[in-house]
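Turn these sequences into a full structure, and let the hints steer you where they fit.
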Amino acid sequence: SQKIEQNSEALNIQEGKTATLTCNYTNYSPAYLQWYRQDPGRGPVFLLLIRENEKEKRKERLKVTFDTTLKQSLFHITASQPADSATYLCALDPAEYSGAGSYQLTFGKGTKLSVIP
Amino acid sequence: AAGVIQSPRHLIKEKRETATLKCYPIPRHDTVYWYQQGPGQDPQFLISFYEKMQSDKGSIPDRFSAQQFSDYHSELNMSSLELGDSALYFCASSIRGSGKNTEAFFGQGTRLTVV
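Sequence order for the protein chains is A and B.
Quick note on this note's numbering: the first sequence kicks off at 37 and runs consecutively.
Quick note on this note's numbering: the second sequence kicks off at 4 and runs consecutively.
Don't read these hints as lab results, they were simulated from the structure.
Among the clues, some could well be false.
[As the list claims (entries may be wrong)] What the simulated footprint calls covered on chain B by chain A, stretch by stretch (three residues with Cβ under 8 Å from a Cβ of chain A suffice, anywhere in the stretch; the number is not a length):
id	stretch
1	36-45
2	90-98
[What the hints assert, rightly or not] Label pairs and their computed distance ranges (CB to CB):
id	chain 1	residue 1	chain 2	residue 2	range
3	A	Thr104	B	Met56	29 to 35 Å
4	B	Gln57	A	Gln50	27 to 33 Å
5	A	Asn48	B	Phe72	28 to 34 Å
6	B	Val118	A	Pro76	31 to 37 Å
7	A	Thr114	B	His76	36 to 42 Å
8	B	Lys25	A	Arg78	14 to 20 Å
9	B	Ser68	A	Ala115	45 to 51 Å
10	A	Glu45	B	Arg12	26 to 32 Å
All C-beta atoms in this analysis are idealised placements derived from N, C-alpha and C, irrespective of residue type, glycine included.
Spelled out as structure tokens, the structure:
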């Protein structure tokens, strides 16, 4: 069956360190993968999208990698700050190629990141 | 910039009642999605619309129905409510056209409590 797994439910990290979150998927061949941030009681907010032909993508202190062989994406936050504390969700579209008729993001269960001052 | 607007923000209903949730997507977005998120759970895809036509269906119960209107706003109708329907319901919108895989923009959600 198709699965998206995020490595841990919770991750505690010291302020200033790099947080690394993992997203693994099985029985999907996504054309791209997305990362979202969700604060309690609020809707997910888009952070980064990485395509299958991209190995790495950066945005300010964020970096995402995508290894289609390992079926894994890593999400890094460098120089983490307490304001980065939130739940981070990876998401992918089950469609196997971009532009396919369907568009239904499937989310992982998320990793709750706590950055400790 | 305009965001996805959902109403109401909070809703309390009794078992077996009916609820209607509304979503106003970002202007010029052609795709609307509905998600259900239970406590401590990831968002579960319910249904999506592309250009006012139903596009995909996920784990939406038969008691639920949705539609998108000519002004692109969407409504999720939930009947015969059960305690287990208590959750956050998110609407999201995006631009799908031309094969662009753009991000989804989520609303603030409607918190439905069934008592």
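Is the distance from the Cβ of A:Asn48 to the Cβ of B:Phe72 consistent with 28 to 34 Å?
46 Å, violated
Examine the stretch 90-98 of chain B: at least three residues should have C-beta closer than 8 Å to a C-beta of chain A.
Check passed, 4 qualifying residues.
Looking only at beta-carbon atoms, does the pair B:Lys25, A:Arg78 fall within the given range of 14 to 20 Å?
Given about 18 Å between the Cβ atoms, the range holds.
Quick one: are A:Thr104 and B:Met56 within 29 to 35 Å, going by C-beta?
32 Å, holds
Taking 26 to 32 Å as the stated bounds, is the beta-carbon spacing between A:Glu45 and B:Arg12 within them?
27 Å, holds
Do the Cβ positions of B:Gln57 and A:Gln50 conform to the proposed distance bound of 27 to 33 Å?
48 Å, violated
Per the hint of 31 to 37 Å, is the separation of the Cβ atoms of B:Val118 and A:Pro76 within bounds?
Hint violated: Cβ distance 22 Å, outside 31 to 37 Å.
Determine whether the Cβ-Cβ distance between B:Ser68 and A:Ala115 falls within the hinted range of 45 to 51 Å.
Hint holds: Cβ distance 47 Å, inside 45 to 51 Å.
Tell me if chain A covers the stretch 36-45 of chain B under the three-residue, 8 Å CB rule, please?
holds (count 3)
Kindly confirm whether 36 to 42 Å is satisfied by the beta carbon distance between A:Thr114 and B:His76.
40 Å, holds
Of the hints listed earlier, those the structure fails to meet are numbers 4, 5 and 6, in rising order.
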